[in-house]
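In order, the protein sequence lines correspond to chains A, B, C, D, E and F. Sequential numbering of the first sequence, starting at 0, is according to numbering that gives the first Met the number 0. Sequential numbering of the second sequence, starting at 0, is according to numbering that gives the first Met the number 0. Sequential numbering of the third sequence, starting at 0, is according to numbering that gives the first Met the number 0. Sequential numbering of the fourth sequence, starting at 0, is according to numbering that gives the first Met the number 0. Sequential numbering of the fifth sequence, starting at 0, is according to numbering that gives the first Met the number 0. Sequential numbering of the sixth sequence, starting at 0, is according to numbering that gives the first Met the number 0.
Everything labelled a hint here was simulated from the structure, so no lab data went into it. Backbone N, C-alpha and C fix where the C-beta goes; we use that ideal spot for every residue, glycine too. One thing to keep in mind: the hints can contain errors.
To be verified - Listed next, the stretches of chain C that the computed footprint assigns to chain E, with coverage defined by at least 3 CB atoms under 8 Å from CB atoms of chain E:
hint, region
1, 45-52
2, 78-92
3, 101-113
What the hints assert, rightly or not - Heads up, simulated SDA-like pairs for lysine to any residue below, C-alpha to C-alpha not over 20 Å straight-line:
hint, chain 1, residue 1, chain 2, residue 2
4, B, 38, E, 46
5, A, 38, D, 20
6, B, 38, E, 27
7, B, 38, E, 83
8, C, 124, C, 15
9, A, 38, D, 124
10, D, 124, D, 20
11, B, 38, C, 119
12, D, 38, A, 46
13, A, 38, D, 44
As the list claims (entries may be wrong) - Ranges between beta-carbon positions, derived for each pair:
hint, chain 1, residue 1, chain 2, residue 2, range
14, E, 15, D, 20, 53 to 59 Å
15, F, 131, A, 38, 32 to 38 Å
16, D, 123, F, 42, 47 to 53 Å
17, F, 35, B, 35, 49 to 55 Å
18, E, 88, F, 125, 43 to 49 Å
19, C, 88, E, 86, 22 to 28 Å
20, B, 88, C, 88, 46 to 52 Å
21, F, 35, C, 20, 50 to 56 Å
22, E, 26, F, 32, 28 to 34 Å
23, B, 54, E, 86, 46 to 52 Å
Chain residues, written in single-letter form:
There are 6 protein chains.
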Amino acid sequence: MATTGRSDASERTVSMDEFDRYRAELNERLLGSNHLGIKRFFALDTQAYEDGALDRRTKELLGLVASTVLRCDDCITYHVKQCVGVGVTRPQFLDAFNVALVVGGSITIPHLRRAIDRLDQILDKQDLEAAAPPKHE
Amino acid sequence: MATTGRSDASERTVSMDEFDRYRAELNERLLGSNHLGIKRFFALDTQAYEDGALDRRTKELLGLVASTVLRCDDCITYHVKQCVGVGVTRPQFLDAFNVALVVGGSITIPHLRRAIDRLDQILDKQDLEAAAPPKHE
Amino acid sequence: MATTGRSDASERTVSMDEFDRYRAELNERLLGSNHLGIKRFFALDTQAYEDGALDRRTKELLGLVASTVLRCDDCITYHVKQCVGVGVTRPQFLDAFNVALVVGGSITIPHLRRAIDRLDQILDKQDLEAAAPPKHE
Amino acid sequence: MATTGRSDASERTVSMDEFDRYRAELNERLLGSNHLGIKRFFALDTQAYEDGALDRRTKELLGLVASTVLRCDDCITYHVKQCVGVGVTRPQFLDAFNVALVVGGSITIPHLRRAIDRLDQILDKQDLEAAAPPKHE
Amino acid sequence: MATTGRSDASERTVSMDEFDRYRAELNERLLGSNHLGIKRFFALDTQAYEDGALDRRTKELLGLVASTVLRCDDCITYHVKQCVGVGVTRPQFLDAFNVALVVGGSITIPHLRRAIDRLDQILDKQDLEAAAPPKHE
Amino acid sequence: MATTGRSDASERTVSMDEFDRYRAELNERLLGSNHLGIKRFFALDTQAYEDGALDRRTKELLGLVASTVLRCDDCITYHVKQCVGVGVTRPQFLDAFNVALVVGGSITIPHLRRAIDRLDQILDKQDLEAAAPPKHE
Numbered sequence: 000m001a002t003t004g005r006s007d008a009s010e011r012t013v014s015m016d017e018f019d020r021y022r023a024e025l026n027e028r029l030l031g032s033n034h035l036g037i038k039r040f041f042a043l044d045t046q047a048y049e050d051g052a053l054d055r056r057t058k059e060l061l062g063l064v065a066s067t068v069l070r071c072d073d074c075i076t077y078h079v080k081q082c083v084g085v086g087v088t089r090p091q092f093l094d095a096f097n098v099a100l101v102v103g104g105s106i107t108i109p110h111l112r113r114a115i116d117r118l119d120q121i122l123d124k125q126d127l128e129a130a131a132p133p134k135h136e
Numbered sequence: 000m001a002t003t004g005r006s007d008a009s010e011r012t013v014s015m016d017e018f019d020r021y022r023a024e025l026n027e028r029l030l031g032s033n034h035l036g037i038k039r040f041f042a043l044d045t046q047a048y049e050d051g052a053l054d055r056r057t058k059e060l061l062g063l064v065a066s067t068v069l070r071c072d073d074c075i076t077y078h079v080k081q082c083v084g085v086g087v088t089r090p091q092f093l094d095a096f097n098v099a100l101v102v103g104g105s106i107t108i109p110h111l112r113r114a115i116d117r118l119d120q121i122l123d124k125q126d127l128e129a130a131a132p133p134k135h136e
Numbered sequence: 000m001a002t003t004g005r006s007d008a009s010e011r012t013v014s015m016d017e018f019d020r021y022r023a024e025l026n027e028r029l030l031g032s033n034h035l036g037i038k039r040f041f042a043l044d045t046q047a048y049e050d051g052a053l054d055r056r057t058k059e060l061l062g063l064v065a066s067t068v069l070r071c072d073d074c075i076t077y078h079v080k081q082c083v084g085v086g087v088t089r090p091q092f093l094d095a096f097n098v099a100l101v102v103g104g105s106i107t108i109p110h111l112r113r114a115i116d117r118l119d120q121i122l123d124k125q126d127l128e129a130a131a132p133p134k135h136e
Numbered sequence: 000m001a002t003t004g005r006s007d008a009s010e011r012t013v014s015m016d017e018f019d020r021y022r023a024e025l026n027e028r029l030l031g032s033n034h035l036g037i038k039r040f041f042a043l044d045t046q047a048y049e050d051g052a053l054d055r056r057t058k059e060l061l062g063l064v065a066s067t068v069l070r071c072d073d074c075i076t077y078h079v080k081q082c083v084g085v086g087v088t089r090p091q092f093l094d095a096f097n098v099a100l101v102v103g104g105s106i107t108i109p110h111l112r113r114a115i116d117r118l119d120q121i122l123d124k125q126d127l128e129a130a131a132p133p134k135h136e
Numbered sequence: 000m001a002t003t004g005r006s007d008a009s010e011r012t013v014s015m016d017e018f019d020r021y022r023a024e025l026n027e028r029l030l031g032s033n034h035l036g037i038k039r040f041f042a043l044d045t046q047a048y049e050d051g052a053l054d055r056r057t058k059e060l061l062g063l064v065a066s067t068v069l070r071c072d073d074c075i076t077y078h079v080k081q082c083v084g085v086g087v088t089r090p091q092f093l094d095a096f097n098v099a100l101v102v103g104g105s106i107t108i109p110h111l112r113r114a115i116d117r118l119d120q121i122l123d124k125q126d127l128e129a130a131a132p133p134k135h136e
Numbered sequence: 000m001a002t003t004g005r006s007d008a009s010e011r012t013v014s015m016d017e018f019d020r021y022r023a024e025l026n027e028r029l030l031g032s033n034h035l036g037i038k039r040f041f042a043l044d045t046q047a048y049e050d051g052a053l054d055r056r057t058k059e060l061l062g063l064v065a066s067t068v069l070r071c072d073d074c075i076t077y078h079v080k081q082c083v084g085v086g087v088t089r090p091q092f093l094d095a096f097n098v099a100l101v102v103g104g105s106i107t108i109p110h111l112r113r114a115i116d117r118l119d120q121i122l123d124k125q126d127l128e129a130a131a132p133p134k135h136e
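Next comes chain A alone, as it looks inside the complex:
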């Protein structure tokens, strides 16, 4: 599934690298302001997705669907990436997207378009890296 060039046609997506860089830089700026409440909230946010009574994989899927019905593209992008990291497969993503679509309605569709675009960018990159010859030796 070649995504080369697809991001050119994209309405408002930036590359995954740019997304990560902006997100990291501005999070640092928010946290660097040393507001205790904001810092503690960020800690709670991280902890909410750790293994507990529910495992991390289920929680990341919960975060993904919550972000989708609330229609926050950046949150969706973040959770798509996390879900790929804990082994969620493409058919499982589609099942989760379908729950979000039924609960949240057609208003979620533009977000699902960008979500599958992101998902395929991440999966493509993963495939490329897996296919790459070892870097030295």
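Following the hints, put chains B, C, D, E and F in place on chain A, whose structure we already have.
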């Protein structure tokens, strides 16, 4: 965990039986109107939670968290009941509520209060039924 | 279509008369506070549904669907009543509800249950009044 | 401003005492479940309204308007009570409601009706208590 | 009404052609994944706007206003285009925008800015095509 | 605090000047359409933030937090600028952001990232202008 009398103090909850009856009666009225689009939507809604690439239990949890961040009490009640039916435990509910709380913020708290009230009503009833002596020989 | 007794089973609906009375009384209290901004907003709200480039009937339908996807029961009740007043038929209501359902998703279903309940209460009352023998000679 | 009997006409409000009791009981049930994330969130929620770079009064007003545009009746009731406690006057409430109304639109009106009803219940009670003869000597 | 150059100043709009291309390509990717639920939802979405008890023109206006109060730019763009296609006039659009503005509040204004920008782009293009000399002969 | 180059990394922000230009141009187009309801709404919107029972500074903060929990980037940008104009300090902004974060949840975080980016752009520009040598003499 005795819930006797708790529903008296409730802000706007009705008994689970009344909830089920009103829900069934009005769904029937909506569907009985024979609007093809509405009937098909209801079918899609049912199918979205069936076993697939993700299992039904995960999907019911997705439905619960989506309903919580969108703050729909009746949807929460429905999914709490479904989740209990597929074996979600109280600590797992709390983990799911926590994800919803972090994603959706304090604005979800009144809904979480009613959600845990409902959950305990359903679990209490289950306990009562399990503890009941066999009805006849 | 007899609705007798149905409101007993209702989750949170009150009679149409009580709804109207509370609404009128509290609107008066809001407006009686003489806040110029609030008074002007209420005037704009009334004018928005008057005949213009679009006719009142279309605008009331727009108000109904907007209220449904934003999931405001009291706003839905109000616009259902207004729509009945300008001649929207039950099949047309179902078509409008279906648009709201598709756009807004299953999260709107509890509101659609209450909406059709309200609609039938209003239509039943209308039928009763039409069927009543003339009050005096 | 006599509110006697007004709550009878109310669509879905319960008395302020019942509200407080249910809220306290269910918060305790949520917190008594000992979910660390939920407990910490509640602590953050309390701290967010304490004096800081902005004073508590301004923060309670922020909480009130945020709750109004997000249309959460129980959150509005809570912040109305807190705002009265830190000296927000009725004309200031109306100014805050007006900002919420302009930002959030007519969809907030049913919530503003209930908000002013609550506000007047609380102010009436305060007046009654102030007017009461000293309880002993 | 010349729109030349205006899209340069635009906050986040892309050309209508790019919008259509991205939308078509990603819809195809979503549907090409062969998830039965998603495919059926897309079919329901299409059918919801076909002539029925309400005509297509009214339904497209309902879709437009629903999209505006839910603040989904891509959905607004889509329905603006559909509405132009079924003959909705500029003054009628303004009437529909006004209903959305009153119901949804000032928070919809940035979306209305982009909506009228899109609308004029589409109307300008239509005018240009109507004014163009026949391509051959 | 040098912001040079930061907008390159931005997900979707444009320069403050472009933002202002697009906003002014399209507002003019909306108002130039001479729809009385829309014109009156814009007037109400302006008046809602003027000194009254609450002062303008408090009202701008209310507008900022309302915009943040409703997650409208352009509204946030506008109110950040207004708040800076009436003397809100960076620590006060962080306190307001924290209230919005707690009420609205982690779903507001991407908007807070862009909000602090905008805030720092505006504060940097202010510092530059204050540090600039007098233009003549």
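A quick look at each hint next to the structure:
1. 45-52: With 4 residues in contact (Cβ-Cβ under 8 Å with chain E), the coverage given for the region 45-52 of chain C holds.
2. 78-92: Contact hint for the region 78-92 of chain C vs chain E: holds, 3 residues under 8 Å.
3. 101-113: holds (count 3)
4. B:38 / E:46: Answer holds: residue 38 (chain B) to residue 46 (chain E) is near 13 Å, not above 20 Å.
5. A:38 / D:20: Not OK: residue 38 (chain A) and residue 20 (chain D) at ~32 Å, beyond 20 Å, violated.
6. B:38 / E:27: Cα-Cα ~26 Å, so violated.
7. B:38 / E:83: 30 Å, violated
8. C:124 / C:15: 10 Å, holds
9. A:38 / D:124: 40 Å, violated
10. D:124 / D:20: Holds, at roughly 17 Å.
11. B:38 / C:119: 19 Å, holds
12. D:38 / A:46: 13 Å, holds
13. A:38 / D:44: 13 Å, holds
14. E:15 / D:20: 53 to 59 Å: 57 Å, holds
15. F:131 / A:38: 32 to 38 Å: 35 Å, holds
16. D:123 / F:42: 47 to 53 Å: 35 Å, violated
17. F:35 / B:35: 49 to 55 Å: Violated, at about 41 Å.
18. E:88 / F:125: 43 to 49 Å: About 45 Å separates the Cβ atoms of residue 88 (chain E) and residue 125 (chain F), which means 43 to 49 Å holds.
19. C:88 / E:86: 22 to 28 Å: 23 Å, holds
20. B:88 / C:88: 46 to 52 Å: For residue 88 (chain C) against residue 88 (chain B), whose Cβ atoms are near 49 Å apart, the range 46 to 52 Å holds.
21. F:35 / C:20: 50 to 56 Å: 32 Å, violated
22. E:26 / F:32: 28 to 34 Å: For residue 32 (chain F) against residue 26 (chain E), whose Cβ atoms are near 32 Å apart, the range 28 to 34 Å holds.
23. B:54 / E:86: 46 to 52 Å: Because 49 Å falls inside the window, the suggested range holds.
Consistency note: the structure conflicts with the earlier hints numbered 5, 6, 7, 9, 16, 17, 21.
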